[in-house]
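Peer 1: One letter stands for each residue in the lines below.
Number of protein chains: 4
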Amino acid sequence: MPVPALTAEEIAELLHEVFPQAFYPGCGLSLERVDYGDVRVRRAYHEDYIRPGGTISGPTMMELADFAMYVAVFSAIGRQPLAVTTNLNINFLRKPAQADLIADARLMKVGKRLAVGEVTIYSEGSDQPVAHVTSTYSIP
Amino acid sequence: MPVPALTAEEIAELLHEVFPQAFYPGCGLSLERVDYGDVRVRRAYHEDYIRPGGTISGPTMMELADFAMYVAVFSAIGRQPLAVTTNLNINFLRKPAQADLIADARLMKVGKRLAVGEVTIYSEGSDQPVAHVTSTYSIP
Amino acid sequence: MPVPALTAEEIAELLHEVFPQAFYPGCGLSLERVDYGDVRVRRAYHEDYIRPGGTISGPTMMELADFAMYVAVFSAIGRQPLAVTTNLNINFLRKPAQADLIADARLMKVGKRLAVGEVTIYSEGSDQPVAHVTSTYSIP
Amino acid sequence: MPVPALTAEEIAELLHEVFPQAFYPGCGLSLERVDYGDVRVRRAYHEDYIRPGGTISGPTMMELADFAMYVAVFSAIGRQPLAVTTNLNINFLRKPAQADLIADARLMKVGKRLAVGEVTIYSEGSDQPVAHVTSTYSIP
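Here the protein sequences come in this chain order: A, B, C and D.
Quick note on my numbering: the first sequence kicks off at 1 and runs consecutively.
Quick note on my numbering: the second sequence kicks off at 1001 and runs consecutively.
Quick note on my numbering: the third sequence kicks off at 2001 and runs consecutively.
Quick note on my numbering: the fourth sequence kicks off at 3001 and runs consecutively.
If we strip away everything but chain A, and leave its shape as in the complex, we get (with noise of 0.2 Å):
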């Protein structure tokens, strides 16, 4: 496997400057293992993501989603702040605990106009997914 084109420290670095309304010290985001197209992120619990049910909600999985590809496209190409997402398509499996969420993301393609990759959730302490996403990122 190629070496990341970019530490997790200098994704961190990255996403603080382009990004600092989404990613600040405090935001509950980080980045725990960054491999070439395929990183680690976690999501702290917050009682505000609870919906009724009393389960976390959707969008706070599908945000978490999206910044996985985001991380794990640096990852694999460097410092393209620009890369948009094309498309994603989530199914909610089962029903997340009040915990962090962990979410690994994995590219299965990355091209020269888009790389695909999915990304598989957990609730902290499970091994059993509560959410997998596929999605495709535009690389300007």
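Honestly, the hints are just simulated from the structure, not real lab data.
Positions of the beta carbon are idealized from the N, C-alpha and C atoms, including for glycine.
Misleading hints may appear alongside valid ones.
[Claimed, not checked] Cβ-Cβ distance ranges computed for the label pairs, FRET-style:
| # | chain 1 | residue 1 | chain 2 | residue 2 | range |
| --- | --- | --- | --- | --- | --- |
| 1 | A | K112 | D | G3078 | 41 to 51 Å |
| 2 | A | G78 | C | G2125 | 35 to 45 Å |
| 3 | D | V3003 | C | Y2036 | 50 to 60 Å |
| 4 | C | Q2128 | A | R113 | 30 to 40 Å |
| 5 | A | A99 | C | D2048 | 44 to 54 Å |
Let chain A serve as the given structure and place chains B, C and D on it in line with the hints.
Peer 2: Just chains B, C and D, lined up with the frame of chain A:
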């Protein structure tokens, strides 16, 4: 077309009651029109939604689409706050303006177990869609 | 609306020339209407398409949707047989009748690199859709 | 992992019994491995599948993915031929070789009403996927 199961006012009250973290005075979401399985909602523009490139972030549009579907499901089947998304697929079509987002949701199927709909999102003042969504809700 | 880049007759000739295994006299596929990025195609009923439960198989509808998109792409960008599907998402809505299938395809975006459209499939004689598709084609 | 509800031989017999138009001696589809919710199937290469550009057509891969999911559902829930696809999302990743296609299907959720899985398709002899699918089956 049947009459809606709930009016816009009844749905707004229900949302505020069951989902107060997401729907409260000043949250920026509003219901513009509610017919049976066919609704329009609005997300007021806020600079926090901007992502690199000066465009509104993908998760902002995904959240709005999911909200529009939730309202459309209520308009067809009534007070069922435990209805949950099982699938959402979004295609991003154009760079949105720095303006309010309007989402039109329309159910294509209202079954006993599943409701399936599509959502088209526009920037206020434009008739070219910025995103298109299909989504399935599971009905308890 | 712009005029279509190719007429129905020109598209039928192109299909027969470049894709003779799929489109030939008696293949059961026909072009009913071709406007710019907005077409209607038909699949004649054949008992080979029936699956358990007495309904038309999913792959029969997926193939028809992909064909409808291919025709819609030609109607907008002209003779580009190397345009290829990059994504297709289908929701099955109702059990189709044992009858012809009609597919209406409409492009929502015609960009330089990608075309995105939706396809709605009906059983002949019904106005309730049996399946809904969104799809992206990559333009060479 | 639980034992499969049906063996490969039992599933092949069931398919031939309930779906003889699609699964018959010489049809080109075969079951290579059946574990619980985790199967491998094969589509023998045939020149009829070629589309412009010398590549295997999208519908050939969609049909194979749907077949792989059908087999995976049987492996988990047993003799339920009326299980039907409700959603299928496919991303085409690379141009397939003119060779057999191998599809690995794996269920991510087996619920009372829905089964959700993913399918990865390869050209024989390559470990780079040519297509990736997620799909939902409704269980009667």
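Peer 1: Now tell me, hint by hint, if it's right for this structure.
Peer 2: Outcome of the hint check:
no., hint, result
1, A:K112 - D:G3078: 41 to 51 Å, "46 Å, holds"
2, A:G78 - C:G2125: 35 to 45 Å, "56 Å, violated"
3, D:V3003 - C:Y2036: 50 to 60 Å, "56 Å, holds"
4, C:Q2128 - A:R113: 30 to 40 Å, "38 Å, holds"
5, A:A99 - C:D2048: 44 to 54 Å, "51 Å, holds"
Hint compliance for this structure: hint 2 alone is broken.
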